[in-house]
Structure formats: C-alpha cells, structure tokens
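Two independent chains are provided; combine them into the complex using the hints.
These protein sequence lines map, in sequence, to chains W and L. No gaps in the numbering here: position 505 of the first sequence is 505 in UniProt numbering, and each next residue is one more. No gaps in the numbering here: position 61 of the second sequence is 61 in UniProt numbering, and each next residue is one more.
Hints are computed from structural coordinates only; laboratory data are not their basis. Glycine is no exception: its CB is placed at the ideal position from the N, C-alpha and C atoms. Fair warning: there could be bad hints in the mix.
[What the hints assert, rightly or not] Here are some, though not all, of the chain L residues that point toward chain W, as calculated from beta-carbon distances under 10 Å: (1) I10; (2) E35; (3) G65.
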Amino acid sequence: MVWQAELEELRRREEFARRMGGADKVKRQHDAGRLTVRERVETLADPGSFHEIGAIAGRAGYDAEGRLTELTPSNCVFGRATLDGRPAVLVGDDFTVRGGSADATIREKPLMAERMANEFQLPIIRIIEGSGGGGSVKTIETTGRANLPGGVGGTGLFNYTTLNLSAVPVVGLGLGSVAGLGAARLASSHYSVMTKSSAMFVAGPPVVARLGEDLSKEQLGGWEIQTRSGGVDHAVETEEEAFACARRFLSYLPSSVHGLPPAIPCEDDPGRRDEKLMAAVPRDRRRVYQMRPIIESVVDRGSFFEMGKMFGRSIITGLARLDGRAVAVMASDPFFYGGSWTSDTCQKVVRFIDLAETFHLPVVYLMDCPGFMVGLEAERSATIRHGVRAMAAMNQCTVPWCTIVVRNAFGVAGAAHQPAGRLSLRYAWLSARWGSLPLEGGIEAAYRAEIDAAEDPAAKLAEIEARLNQLRSPFRTAETFWIEEIIDPRETRPLLCDFARLADPLRRPEPSRLQMRP
Amino acid sequence: MAESPVKAEITAAVWKIEAGPGTRVAEGDAILLLESMKMEIPVAAPRSGRVKAVLVAEGDLVEEGQVVATLED
Numbered sequence: 001m002v003w004q005a006e007l008e009e010l011r012r013r014e015e016f017a018r019r020m021g022g023a024d025k026v027k028r029q030h031d032a033g034r035l036t037v038r039e040r041v042e043t044l045a046d047p048g049s050f051h052e053i054g055a056i057a058g059r060a061g062y063d064a065e066g067r068l069t070e071l072t073p074s075n076c077v078f079g080r081a082t083l084d085g086r087p088a089v090l091v092g093d094d095f096t097v098r099g100g101s102a103d104a105t106i107r108e109k110p111l112m113a114e115r116m117a118n119e120f121q122l123p124i125i126r127i128i129e130g131s132g133g134g135g136s137v138k139t140i141e142t143t144g145r146a147n148l149p150g151g152v153g154g155t156g157l158f159n160y161t162t163l164n165l166s167a168v169p170v171v172g173l174g175l176g177s178v179a180g181l182g183a184a185r186l187a188s189s190h191y192s193v194m195t196k197s198s199a200m201f202v203a204g205p206p207v208v209a210r211l212g213e214d215l216s217k218e219q220l221g222g223w224e225i226q227t228r229s230g231g232v233d234h235a236v237e238t239e240e241e242a243f244a245c246a247r248r249f250l251s252y253l254p255s256s257v258h259g260l261p262p263a264i265p266c267e268d269d270p271g272r273r274d275e276k277l278m279a280a281v282p283r284d285r286r287r288v289y290q291m292r293p294i295i296e297s298v299v300d301r302g303s304f305f306e307m308g309k310m311f312g313r314s315i316i317t318g319l320a321r322l323d324g325r326a327v328a329v330m331a332s333d334p335f336f337y338g339g340s341w342t343s344d345t346c347q348k349v350v351r352f353i354d355l356a357e358t359f360h361l362p363v364v365y366l367m368d369c370p371g372f373m374v375g376l377e378a379e380r381s382a383t384i385r386h387g388v389r390a391m392a393a394m395n396q397c398t399v400p401w402c403t404i405v406v407r408n409a410f411g412v413a414g415a416a417h418q419p420a421g422r423l424s425l426r427y428a429w430l431s432a433r434w435g436s437l438p439l440e441g442g443i444e445a446a447y448r449a450e451i452d453a454a455e456d457p458a459a460k461l462a463e464i465e466a467r468l469n470q471l472r473s474p475f476r477t478a479e480t481f482w483i484e485e486i487i488d489p490r491e492t493r494p495l496l497c498d499f500a501r502l503a504d505p506l507r508r509p510e511p512s513r514l515q516m517r518p
Numbered sequence: 001m002a003e004s005p006v007k008a009e010i011t012a013a014v015w016k017i018e019a020g021p022g023t024r025v026a027e028g029d030a031i032l033l034l035e036s037m038k039m040e041i042p043v044a045a046p047r048s049g050r051v052k053a054v055l056v057a058e059g060d061l062v063e064e065g066q067v068v069a070t071l072e073d
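Chain L with its partners taken away, still in its complex shape (with noise of 0.2 Å):
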C-alpha cells in the first residue's frame, strides 16, 4: 500500500504527538492527542503501518478534515 494521510476529525489544538515519524502502528492506535473541551482525543492511525511523517507540531490550531501525519507501510 502507498502512502496513506491520517486526518484530524476535528478542529483542536494539537496537545502531544504519541507516535512521532519510524514508529510502528497498528489500526486504531493513537499517533497525537488534540485537545479539546479539556479532553485529549486521540488522532488514530486508520491502518497499521510506519509513521511516514507528523505534519503538525505540539501547540499547533488543526482544522476539522487536516492531514496531519502520514503512514507508509
């Protein structure tokens, strides 16, 4: 499979990165936290794979539909 975006289902502010660019993740797995309402809600990785790349940093406003980290196989 080729490179597959990962997108924020919300607008929020980016609150940690989880699994930063060469980790490994399965489906489901958390790879940053928003923050939002003083809740921390997980971007998941839609598919396993590799963290291609995290676009976004700690702190960064994302908007409802953002690419905001890469997965390659």
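Excised from the complex, chain W in its bound form (with noise of 0.2 Å):
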C-alpha cells in the first residue's frame, strides 16, 4: 500500500479523538451517570449514521524528532447522522475536555455545525454540556488578554443562532450542568429539554455566591426553575427520553422553511365522533374541567406533543396530526386561573405561534379564554402589553387557522382567537358563552346608578343579571350571525381533520416574512 504510513497515523489520530479527555474523566462522566459525548451522538442518531466533520482537530504533542505523542481532540463533536431516515446535523459538547469550554473548542467546529444546518438545510439539534464552547476566566491566561465577547465586526455563532431560528428546527438538550454561552445556546432554540439532574444558568452557584445568594446548582438552576420560567421548556429522568423527545418534536416539522412538514398515514377514523365530548365541560360555570382529554380526543389517537407544559399554563401548546397532517394545537387550560392569560402565557403564545408561522404548520385553537389576567399582579407583569403581542402575532400569521370556542371568549383577550385580518375557520361548542365583559363585576360597572338607586340593591343587580342572562345564549348571538356555526362536540374532530385537509394546498414551502426570536 503506498500510503500505508499516513493511514496509520490517521487511524491513530483517530484513536486519540475516541478517548475524548481520558480514561479518568470519562469515567467521572460515567459515574455522576451521564453519557459521554460520543455515546450521546451514537443513541440519538440512527444506527451507524453519524458521520463525523473533523474528528482530529485539537490540541497536540510531539517529541524531540516530530512525532505526535498525544491529541487531545477539540471538546465540540459534530457532524450529519439520519433521525429517522431524515438527515439532520447534530453537534456536542465533550465535557470531558476542559469541562466544554472554549479554551478547547476550536470555534470553527461549531460554527462549522450550525452553518450547514443552515446552507445544507437541515434540523440541528445541539447536546449542551458545560460553558458549550464559551470562554473561561482560563482563557485569558492562556491568550495572554482579555476576550471582548462578540469579537471584531460581529460573531459567526451568535449570527447562525439567530438565523436559524427563522430556516431550520432547532433543538436543544441540557444534559449536565449548563451555563454562559451554553445556556444561550441551549435557549436560543425552537424547543429545549434537559434531564431532571441538569441546571442551567446566565452563571452557576460560585458567581451567583459572591454576590450574596447561597444556592445549589438544583435550587439556582434545576429543572423546576427553568421549565416554570420558560428557561427551558421540557424536563425528563434520562438522556435516553431527552433523545426520544427531539425524535418526536422533529417528526412533526419540515426539514427546512424550505419544506412542508411531512403527512404520515392516518389509523385513527378521521370521522370518529368521541359520546364523552358531550360531557366535558361541566354546566356549571363555576366549575373548571380537563382539556388535555378533549385535545386527545380529537387529534389522531396518540399524536399530541406537549411542549411547555410547566411555563404559562394556562394555555396548553403542542404539536398533532389530524388525519395524518401535522398541526400545531393551542388550548386553554381552566385550571390555571380559569384560562385567563398572564404575561407568561401571552410570551408562550408568541412563541408558540411564531414556530407554527415558521414552519408552516395550520394552527387549531381550543378556547376558553375568560379574558386576560386582572388584578395588581397583572397590571404589574403588563399583561396587556404581552397581550397585544400575542394578539398581534396571531394577526400576523399567515398558516391556515381553526379556532374551536369551547366555553369562554371574554373581553380583549375574547377577540384574540383568530387572525384579524384574514378568514379562519370557527366553531362554538354548545357551551360556549362570550361577552365584552364576565357578567359579574361588569353589572356593578355598567349598571352603578340603576343599583345605587333602587331600594334593595342586592335584588336589583339579582333583577339586572337574571335579565342579561337571558339575552346571552349563543343562539341569539348565531341569529345575527355574529357566530358562524355552533356545533355538536361531537362533531369537532371531523370538523378539524376536514379543516386539516383544506389547509393543506394553502401551506407554502418557503421562508415566512417573520423573522422568530427565541
């Protein structure tokens, strides 16, 4: 063989990539029961798919004459792998090499990761460990300076972590502790999951210490904090489950702004009438009811990805099929102060509605909506301007659109339930009831003198609110055709897998005007 020497030497640089930081630290990585690096890419992609880019970048060591005696390989792996049978680029970070940061990185590597996504067109899903290739207080003794972050005339990285939003799914998976860049890293995504023994933050528990807070890595960053702020949006037990839940998200979107998502054939009965909607929502307005069963219910049996669960809860955001073609669903959730929409909620709708605009997926909308959250702390977090945010977000979508009005639909927050500027469909339940205002309180505001004046104002607003309600069934309402359709419950999944199959010739394989943010 003419070029057995340099096969060798390559073989053997190769071999020095496989032992990432050593036997000792592979082993720490093993016994706090976190996969390494390597193990990572090969569980989550297809069998036997991951082709690595630049296995033997790192640092090395040579003796006296020349030869290599060691390579420690660059703690960012990456490269292109089937998920699927669908390709996709993945990129991690070796905690085993300098705890991930940047002092081992080689920039390019994950710049390198995220500008194929980008020009190849393909889902990158990044495995964050540690800084995720950002600097340490290290560096600066070992370049000799202090880094300016951003550099000169601006940053690769920063600029694919944004432009990608806007052309390619984005996934991120915390698995260990996650902080500095590989905390922006892992938040500038389109769906995020970390393993129930991670912590993410902007700077762990020995920064946040000198500045007085004397917290655990669980309690400044664990899983409960960041999937009840929106740090994050999902948390599993194993890396296994995070693996399985990119899998899943992935499956429901295009590879690309250049694609549509793909359809899949469809086992569940598009016409099935499910008896039980005719009895979830409870006659009693003051009682609150499950909405996770009814979405179930209607989408294709099995098919609803739930993402945020924990942050903004009264609104239930997730991807599904109907009749094989992916949607992304939005319903309210009555237990989380009866709908009503808080400042987290309206920033999950946003988000939420701007991933369904970017990757041109219809949007179904279950509402029960009693209006925007009131009161000081309301007022305080600005709901109504997140409010109007989200509205306008809805307003400025262009994917096909079906809103079910399941109960509420109250002031402002009423109105938010369909694009305004263009025809949806929609559909109220026989329960549904809408109004500019809840009857109560509002009677007080708008009837004052009438009450004020009469001898027994107990009876009088009794007298006023029995008359008002009379006025307000939905058929009065549909007589003027202020509502289009009312409509059995039972018949909503036909209904929604009927509107599913109208959307489907009005989607466009192409970049949105939007421009998402994270």
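Spelled out as structure tokens, the structure:
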C-alpha cells in the first residue's frame, strides 16, 4: 500500500479522538450518570448513521523528532446523521475535555455545524454541557488577554443562532450543568429539553455566591426553576428520553422552512365522534374541567406532543396530527386562572404561533378564555402589553387557522382567537358563552346608577343579572351571524380533520416574512 | 411514605376547604377549592392518603407554589 504509513497515522489520531479527555474524565462522566458526547451522538442518531466532521482537530503534542505523542481532541463533536431516516446536523459538547469550555473548542467547529444546518437546510440538535464552548477565566492566561465578547466585526456563532431560528428546526438538549454560552445556545432554540439532574444558568453557584446568594445548582437552575420560568421547555429523567423527545419534535416538522411538514398515513378514523365530548364541559360555569383529554380525543389517537407544559400554564401548546397532517394545537387550561392569559401565557402564545408560522403548521385553537388576567400582579407584569403582542403574533401569521370556542370568550383576550385580517374557520361548542365583559362585576360597573338608586341594591343586581343572562344565549348571537356556526362537540374531530385537508394546499414551502426570535 | 406537601399551582383566594384534617383522599381528590376569575379551581391531592393538616383558611390569599396542606399515610 502506497499510503500505508499515512493511513496508520490517521487511524492513530482518530483513536486519540475517541479517547476524548482520557479514561479518568470519561469515568467521572459515567459515575455521575451521564453519557459521553460520543455515546450521546451514537444513541441519538439512527444506528451507524453518524458521520463525524473534524474528529482529529485538537491540540497535539510532539516529541523532539516531530512525532505525534498525544492529541487532545476539540471538545466540540459534530457531524451529520439521520434521525428516523431524515438527515440532521448533530453538535455536542465534550465535557471530558476542559469542561466543554472555549479554550479547547476550536471555534470553527460549532460554527460550521450551525452553518451546515443553515446552508444544507437541515435540522440541528445541540447537545449541550458545560459552558457550551464559552469562555472560561482560564482563557485569559492561555491567550494572554481578555476576550471582548462578540469579537471584531460581529460573531459568526451568534449570527447563526439567530439565523437558524428562521431557517431550520433547532433543538437544544441540556445534559449536565449548562452555563453562559451553553445556556444561550440551549435557550436559543425552538424546543429545549433538560434532564432532571441537569441545571442551566447564566452563571453557576460560585459566581452567584459572590453576589451573596448561596444556592445549589438545583436551587439556582434546576428543572423546576427552568421549566416554570420558560427557560427550558421540558424536563425528563434520562438522556435517552431527551433524545426521544428531540426525535419526536422533529417528526412533525419539515427539515427546513423550504419544505412542508411531512404527513403520515392516519390509522385513526377522521370521522370518529367521541361521545364523551358531550359531557366534557360542566353546565355549572364555576366548575373547571380537564382540557388535555379533549385534545387527545379530537386529534389522531396518540399524536399529541405537548411542549412547555410547566410555563404559561393557562395555555396548553403542542404538536399533533389530524388525518395524518401535522398541526400546531393551542388549548386553554381552566385549571390555571380559569384559562385567563397571564403575561407568561402571552409570551408562550407568541413563541408558539411564531413556531407554527415558521414551519408552515396550521393552527388549531381550542379556546376557553375568560380574558386577560386581572389584578395588581397582572398589571405589574404588563399583561396587556404582552397580550396585544400575542394578538399581533396571531394577526401577523399567515398559516391556516381554526378556532373551536369551547366555553368562554371574554374581553379583549376574547377577540384574540383568530387572525384579525383574514378568513379562518371557527366553530362554537354548545357550551360556548361570550361577552365584552363577564356579567359578574361587569353589571356593577355598567348599571351602577340603577343599582344605587334601588331600594334593595342586591335584589336589583340579581334582577339585572337574570335579565342579561336570558339574552346571552349563544343562539341569539348566531341569529345575527355574530357566530357563524354552533356545533355538536362530537363533530369536532371530523371538522378539524376537514380543516387540515383544506389547509393542505394553502401552505407554502418558502420562508415566512417573519424572522423568529427565541 | 412520609408526609407530603400539597401546593397551590396558582395565586388565588381560598374559596372552600373540601377535605379537612383526618379525611381520607384518593389521588386527584380536591382538598380545597381556590377561586380565580369567578371559577372554582381545585387543589388536588398529589397521591392518596390522609389529610394531616390544612394550613390555610377560607378567604386566605395563597401564592403560586405555596404549601396549603399536608398528606400522610
């Protein structure tokens, strides 16, 4: 063999790369219950499909004769692979090499991963641990100078973390302690998952302790903190579950904004009518009910994939299928403030509608919204500004839209149920009710003089309430065509499947005018 | 199993205590009802057991995440 010596050298260098940060560091990773980056990539990808790029990039040592003695690989491992048969870019931090920090990364590697996703129009999954290639204080000594974040003339990596949100599906997996740039790369995604033993923070406990907060990793950035704050979408027990979530999320999406979401054969009857829906909403208006079983009942069986469950909880968001076609589902959860939109909820709605718009997913909204949240805390958190922002997201989106008014539609948030400037489909359940203001409290405001003048104000209030209640039957609204259709709730699935079929040819496999933000 | 806390998921006023101390509850049973936006929102038992203590009274304002009752076996 003419090039035998060189081939052997290549294999030797690859072997160094496979050793990562060395046996001790690998053992420490395993002892902590975590996979190494190479195990992660192999587990996530379809078996044998991972093709690595730049494995032998790293820091080499040579003897006096110039022969290679050692090679510490870069702590960024990336390449392409298939997930359920579809190509994607995988990029992972190797925590066994300098805790994943920048001085061992070779910045061009994570940058090329992002660029490859962008230019080859492929989803990217970031497997993040440590500072995610971010700087460490040590860098000052190794480079002999302090780094001005952002560099000269702009930063390639931050450019692509922004660009890719409007180009390809981006999934972030936080597996371990994730800080600084790692946290930024995790949060700047369409969907993020962490394991419950992981933590994410801008800066970890030692930095925070210097500011007087003595907290453990878990207390500072554990899963309960991050999923409730909306920093991370989902938390799971094991890394394998995190990989399953990533794959499932991607299964509903096109590989890039230049394609349409893939449809699959539907094994559930599109005409299925679920008798339970007739009893799903209680007659007693003060009583709440479970929305998730309603979602499960109307979409293709087993297809609902919830995202961001712990944040902005008066709205449930997730992906699902109708007659095999992928759709974005929003639904109210009356267990949280009766389904009222808090500022958190509004932020969740904005991000979710933007996701649907970016990837050409028709939206289904199962609505039960008594309004924007009211009260001092609601005012303090600028609910109305976040609320009109959510309405703007709805009004600016161009994907097909269908709303089912399940129960309440009140106030300004009551108007936030369909894009304002174009036609969408809308159906009201028999249990639907609406108004500019709830009668309770609304009567006191509007009929103040009449009530005050009455001999028995309480009786007067009750009398007015009874009078108005008679008038607010949804059938009276339908008489004047203020609601176009009232339906038997059991018809919901057939009608939604019909909507998905109608929506099919309206989707356009081209970038939206919207430029998505995290 | 030892004592477990029951937390309110939302900030709201306590409307009604449904299961006082000593009551046996199954997972999902309402221990108390909160009132928010004119609706009654149950605070449910996270597991089956006996209500050991209810730490709030009707009319109290509770915060999201606040422990409102405890369960024991």
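So which of the earlier hints does this model not fit? No hint contradicted; all consistent.
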